[in-house]
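Q: Let the sequences and hints guide you as you build the complete structure.
The sequence shown maps to residues 1 to 231 in the working numbering.
The hints are simulated quantities; they were obtained by calculation from the structure and are not laboratory data.
The structure presented is a predicted model; accordingly, all values stated were derived computationally and were not measured.
Glycine included, every Cβ here is placed at the ideal spot set by N, Cα and C.
Not one of these hints is a red herring.
Subject to a maximum C-alpha distance of 30 Å in a straight line, what follows is the list of computed BS3-like cross-link-like pairs (lysine-lysine): (1) Lys25 x Lys10; (2) Lys141 x Lys227; (3) Lys10 x Lys106; (4) Lys220 x Lys8; (5) Lys25 x Lys8; (6) Lys124 x Lys88; (7) Lys88 x Lys109; (8) Lys92 x Lys109; (9) Lys73 x Lys8; (10) Lys227 x Lys124; (11) Lys25 x Lys220; (12) Lys73 x Lys124; (13) Lys42 x Lys10; (14) Lys92 x Lys73; (15) Lys42 x Lys8; (16) Lys141 x Lys73; (17) Lys109 x Lys10.
Estimated spans, in silico, between C-beta atoms of each pair: (18) His7 x Leu66: 15 to 25 Å; (19) Val72 x Asn156: 18 to 28 Å; (20) Val72 x Asn13: 17 to 27 Å; (21) Gly98 x Met1: 37 to 47 Å; (22) Gly22 x Gln120: 19 to 29 Å; (23) Pro219 x Asn13: 15 to 25 Å; (24) Arg63 x Gly152: 24 to 34 Å; (25) Pro147 x Gln180: 46 to 56 Å; (26) Gly22 x Val72: 23 to 33 Å; (27) His32 x Leu174: 22 to 32 Å.
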Amino acid sequence: MVAQDIHKAKVLNQFHIDFCCGGDKSLGEACHALNISIEDVKSALEQSDIAHESAALQFDNWRLDLLIDYIVKYHHHYIRTQGIETYKLLEKVCKAHGEKNPNLFKVQKHFYESLTDLHQHLDKEEIVLFPFIQELLSTEKNHQSLPDFHCGSIENPISVMIHEHDGEGERFRLISQLTQAYTAPDYACESYQLVLNLLQEFEENLHIHIHVENNILFPKAIKLQHKLAQL
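A: Shown next as C-alpha cells:
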C-alpha cells in the first residue's frame, strides 16, 4: 500500500503500524497484533486517498537509479544533518531536565547509538551496495555480462542492511516508549517540546527511508540481478 501511495505512511504511523521493517504483513495481521480495529484503519486510509488523490509519490514506479539518488540526497543527507542538530538539542534538554526525568538520559543514549550506527550504515550503502546496483543497471543498459561482486550475490549485503534496519526500528520503539510516544510533560519548556517533535520527525523519516529500501529498492535490485544471471 505504501509503495503505491506514500501518503498512507502517515496514517499507518498514527496507528503505530510498522510498514517498513514489518511491511511484509497484511493489514489484517498488523491490526490483529496491535489489537486495533481494521475498519478504523481502512476508514482513515480512505480519507487519505481523498486528500491526496492527485499528489501521491509512487516510488514503486521510479527507476532504481532515481530511487538511489532520492535516498542519498534526501534521507541520507537528513540523517547526517538533522540528526546532529537534534542530538545537540537533546543534550541541552538532558542537562536541564534529566534530573527530573531520568528517561531522557536513556533516550540520549539510544539516539547517540542510533546516529553512530546509522552513519556506518549509510557509508556501507553508498560505498558498497548502491554502486553495485548502479553496475547492474549499466550492465543491463549495455547488454554486458553480469559483473563480479566481492560479496557474491547482492542478497548478501542486502540481508545485512535489512538486519540493521530492524535494529533501528526496535531502537526507536524504545525511544517512543521512553517518551510516552513523544509526549511532553506539563513542565516541559519549549526546547523540551521541540526535541520530542524532532525525534518523532526523525523516526517518521526513518520509516519512509527503510520502507523505500526494504520494500522497493532491494526487491527490484535482487530481481534485476536474477534477470541478468539468466542471460
